[in-house]
Amino acid sequence: MLQQTQVSRVLEKFEPFIERFPSIEALASADEEDVLGEWSGLGYYRRARMLHACAKAIVDRHDGEVPRDVESLMDLPGIGRYTAGAIASMVFGDREPLVDGNVTRVLQRLHNNPNQQTDPETIKWSWERASALVEASGDPAVLNESLMELGATVCTPKRIKCSVCPIAEHCQALSAGTTESVPPPKPRAKRKELFCTAVLVTDPEGRVLMEQRGSDGLWGNMWQVPTMETEKAPMDVLEIGEGAALVESFVHQTTHRIVRFDVYRCQSWEQREGQVYLDEDQIGALGVSNAQRRILSLSDTLFT
DNA sequence: GACGCGTGGAG
DNA sequence: TCTCCAAGCGT
1 MLQQTQVSRV LEKFEPFIER FPSIEALASA DEEDVLGEWS GLGYYRRARM
51 LHACAKAIVD RHDGEVPRDV ESLMDLPGIG RYTAGAIASM VFGDREPLVD
101 GNVTRVLQRL HNNPNQQTDP ETIKWSWERA SALVEASGDP AVLNESLMEL
151 GATVCTPKRI KCSVCPIAEH CQALSAGTTE SVPPPKPRAK RKELFCTAVL
201 VTDPEGRVLM EQRGSDGLWG NMWQVPTMET EKAPMDVLEI GEGAALVESF
251 VHQTTHRIVR FDVYRCQSWE QREGQVYLDE DQIGALGVSN AQRRILSLSD
301 TLFT
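Under our numbering, residues 1 to 304 are what the first sequence spells out, in order.
No wet-lab data here; the hints were simulated from the structure.
Beta carbons are placed, not taken as given, at the ideal position from N, Cα and C, and that holds for glycine.
Don't take every hint at face value.
[Said to hold, decoys possible] Pairs of lysine to any residue residues, derived as SDA-like cross-links and limited to a Cα-Cα distance of at most 25 Å, are as follows: (1) Lys186 / Leu110; (2) Lys56 / Met74; (3) Lys158 / Leu143; (4) Lys161 / Asp94; (5) Lys192 / Val259; (6) Lys161 / Glu145; (7) Lys158 / Asn112; (8) Lys232 / Arg213; (9) Lys161 / Glu180; (10) Lys124 / Arg81; (11) Lys161 / Glu149; (12) Lys161 / Ser181; (13) Lys56 / Gly101; (14) Lys13 / Ala152; (15) Lys56 / Arg46; (16) Lys232 / Glu205; (17) Lys124 / Gly93; (18) Lys13 / Arg293; (19) Lys13 / Lys190; (20) Lys56 / Ser215; (21) Lys190 / Pro157; (22) Lys190 / Glu180; (23) Lys124 / Arg95; (24) Lys158 / Val182; (25) Lys232 / Gln212; (26) Lys124 / Gly101; (27) Lys190 / Gln6; (28) Lys56 / Leu2; (29) Lys190 / Lys161; (30) Lys190 / Gly93; (31) Lys186 / Thr254; (32) Lys232 / Asp262; (33) Lys232 / Ile283; (34) Lys158 / Ala168; (35) Lys56 / Phe21; (36) Lys192 / Arg294.
[What the hints assert, rightly or not] Beta-carbon label-pair distances, calculated as ranges: (37) Gln267 / Arg20: 36 to 42 Å; (38) Glu248 / Gly43: 18 to 24 Å; (39) Lys190 / Glu211: 26 to 32 Å.
Make a model of the complete structure from these sequences and hints.
In structure tokens:
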């Protein structure tokens, strides 16, 4: 859950998730629908499916026990070099390094390394530095946790708090006066526009017509009201269906997308393959993106 | 190796 | 309001 996600966002979801899936066996035997349901609103939903697949793999390949070595850990779905290092060092106390965004930043400032964080050369360098530190430390778990925590709270991207930094006297960026520019900010891809036409259709019982997205791309395997997507321009009301009326338009942003939603209600709709009417409780248990939750909240005010 | 994947808080 | 960004990973 913590991959690319702040602790404060994870806190709300972690306890309910663990309560619902209290063991690897419980998670492995759960339906993906339920896993995505508990993950709803947290974003990067592929992580949830990876974690689910990971639990299955641990049951299948490791008799239900989390493997201890980094190699085996990295063979598991969703576990890369960082997560494997975190598990090995923090869970098992083994002498394994770990590098995340925080650690790279701390190390680059410590050594006044001005290169791009995402440069493969810098990544390699960071792992070497992290490895040297963990080799020399008395407690690998504490060392790794300390590096990350320093980056998260003191050695931050901006508003750096060097005055309270416990290792300020060793910091080469500080003595060189380059802390503001080392490391340089990550280059970010320009956001592409996406037009979504979402259609609210209800049956006489007040249930809402829903469909599941494909497994690829944005919001993979998540549920939504019938939604059509275009790249160039929004659909015309006439293309949607008889009696279609615009309810609301809003913009939803993701890291790589500006998604412009037009929400329609439609009286007569030809139900397509895979589309099913679901009541509020059923929808509440499914994986639904926050953008679609917003659309569904419109249906409450419209139809009740 | 570059790209795509979510969301909301901070400043 | 707008920009930046967060305990990465797989393809």
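Are there hints from earlier that the structure breaks, and if so, what are their numbers?
4, 13, 16, 19, 29, 30 and 33
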